[in-house]
Amino acid sequence: MSVLAQPPAAQAHRGLLARAWDSDIGYSFRTSPVAIGAAAITLVIVLATVFAEFITPQNPFDAAALNLMDGFTPPGEAGAGSGMYFGLGADSQGRDMYSAILYGSRVSLLIGTASVIFSLVLGVSLGLIAGYIGGRIEALIMRIADIQLSFPAILVALLVFGIARGLIHPSLHEQMTFAVMTIAIGLSNWAQYARTVRASTLVEKRKEYVDAARVIGLRAFPVMIKHVLPNVAGPILVIATINLALAVLEEATLSFLGVGMPPTQPSLGTLIRIGQQFLFSGEWWILLFPSLALVTIALSINLFGDWLRDALNPKLR
Amino acid sequence: MIAHLLRSLLQGILVILAVGLIAFSMFRFVGDPIASLAGQESTDADRAELTERLGLNDPFPVQFGRFLAHAASGDFGISYRQARPVADLLAERLPATLELAVLSALFAFVVGIALGVYAAINRRGVIANGVMVLSLIGVSLPTFLIGIGLIYLFAVELRWLPSFGRGDVVHIGWWTTGLLTDTGRKSLVLPVLTLGFFQLTLIMRLVRAEMLETMRTDYVRFARARGIPERRIQFRHALRNTMVPVVTIVGLQLGSVIAFAIVTETVFQWPGLGALFVNAVQFVDIPVMAAYLMFVAFVFAAVNFLTDFVYLLIDPRLRH
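Going line by line, the protein sequences match chains A and B.
Residue 108 in our numbering sits at position 108 of the first sequence, and the numbers go up by one each step.
In our numbering, each residue's number is its place in the second sequence (first place is 1) plus 1000.
Here chain A stands alone, though its shape is the one from the complex:
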């Protein structure tokens, strides 16, 4: 029996997944090989990093698990010390590169996701306030956004990182790096959300449903959250996806510059920074594999974001 022949009640009872499969976006996804490939690769990487403990031969950051004699084992060979098999080789400390990459990708993805959430919440709130309340607050918020957008994100993040370092006691630096990085990258990316949300809020607040909500006596805050926010949420999703790729690259760049995750809890950027030292001595695998992992993650999230942007764009249908 075809979907159309079912009575409406039966259609409504079908599962969320089935409905998503049949929707326009579901169709666009099913028919786009690039989107399927990108989503699959992203999913595999995310799952692999989440379950890294179970699919890696060693915990690369437990000094007791390492054998210095395994140092510089080339890819696909057994270590001279432990006899362990190193599929992607080992670094100078005898650390398995495959394990290090999975743990490092986890740090990269965690910081990326956390900073995207941070900038999303900050930017969307400020954008809603600016668009809905208007006046001087709007002028102030948007001016700050303008000025910040003219400076590159990496510069803002470096600056926030430096200031945070100055404010936090040196003994806490290592523990706080994760939070500092999240805030630094998050603070460097909020302006784009604020701009987009403000623009759509300006449109939405003139519509009747907002007037109706106000007439029944709701205050500004519930109107913004319950009524305006769901209607401006579409573009936010696209920006967030593309920003996730940017945030992962930004984190990698900061760590590569030496102002990011320390070698004791490395991200992919830190691993590349370490690997660069061995560029001239011929141990290419210490550099190549983390770089490939970084590019794969960024590229697949980016391609997925591109597809999402086109799929949600009504002009392209």
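One thing to keep in mind: the hints can contain errors.
Residues on chain A that point at chain B, a partial pick, calculated with CB under 8 angstroms [to be verified]: (1) Val215; (2) Phe256; (3) Phe278; (4) Phe280; (5) Ala298.
Please keep in mind that the hints were generated in silico from the structure rather than gathered at the bench.
This one's a predicted model, so the numbers in the text were calculated from it and none came from an experiment.
Note that CB positions come from ideal geometry on N, CA and C, so glycine has one too.
Given chain A, put chain B in place with the hints provided.
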């Protein structure tokens, strides 16, 4: 037209003031300037005297005004880490960064426009397709990986070019240049390629898209009908109209040149301002950070103003 330029100037001043406020707040509230200037054995009386002498007891606006006045005369205090005047550090490293930035902008502009025009005219050619693939790579690879890739190819494998530093430089007054020596020129190649690559891909895509658009307009069709040679239409008529958005975007992209310069200078251990800034962030050297920030704001305002000016030169309609 004058009003337009004045507005652009005013906006630049606003940006500089805003950034100045941030820079000043960093000085005032991050770390303790007294603790970093007075030695370990200073007494409370010494500290109080130093606080008074540095004017840290004055009201906030007075202190901010004094900071701006000092900054305007190039006085940014003394580096906490290197114990030298920040102005000297900046002056020493400015030529390296400017040389790198200007050369890579030039490279990106010339090659980017040429490739963009070519890709637009011969849309289906092999080179045009290769150019588009190249630009995709340029967008998705982070700058530091491009730099490392170039080092691997040209310095490690082929051994043609040096991988770090500026080589031998020639001093001309306070300016230093690597363009006059052989090692200096060789050292410039890889950093310029790395820094220029992102810009290049951007300009190329933009020129190509704009050219395709312009070649479809009516005035191009009429120019053809008048029997004007195709080359002349492409370069005299179409390219000129393509340049307006290109100049704007390139001006707006200046910020990213600065950002990529930070990364490029670190990859190639280039003794420029970006590397100085990264070092300052690592060691929380507030005066250097503040000075660099002010420098970036100033460059940003100046280039924005220049972009508006060039815009007027290219597009006669805006002059009225």
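Ascending list of hint numbers which this structure does not respect:
1 and 3
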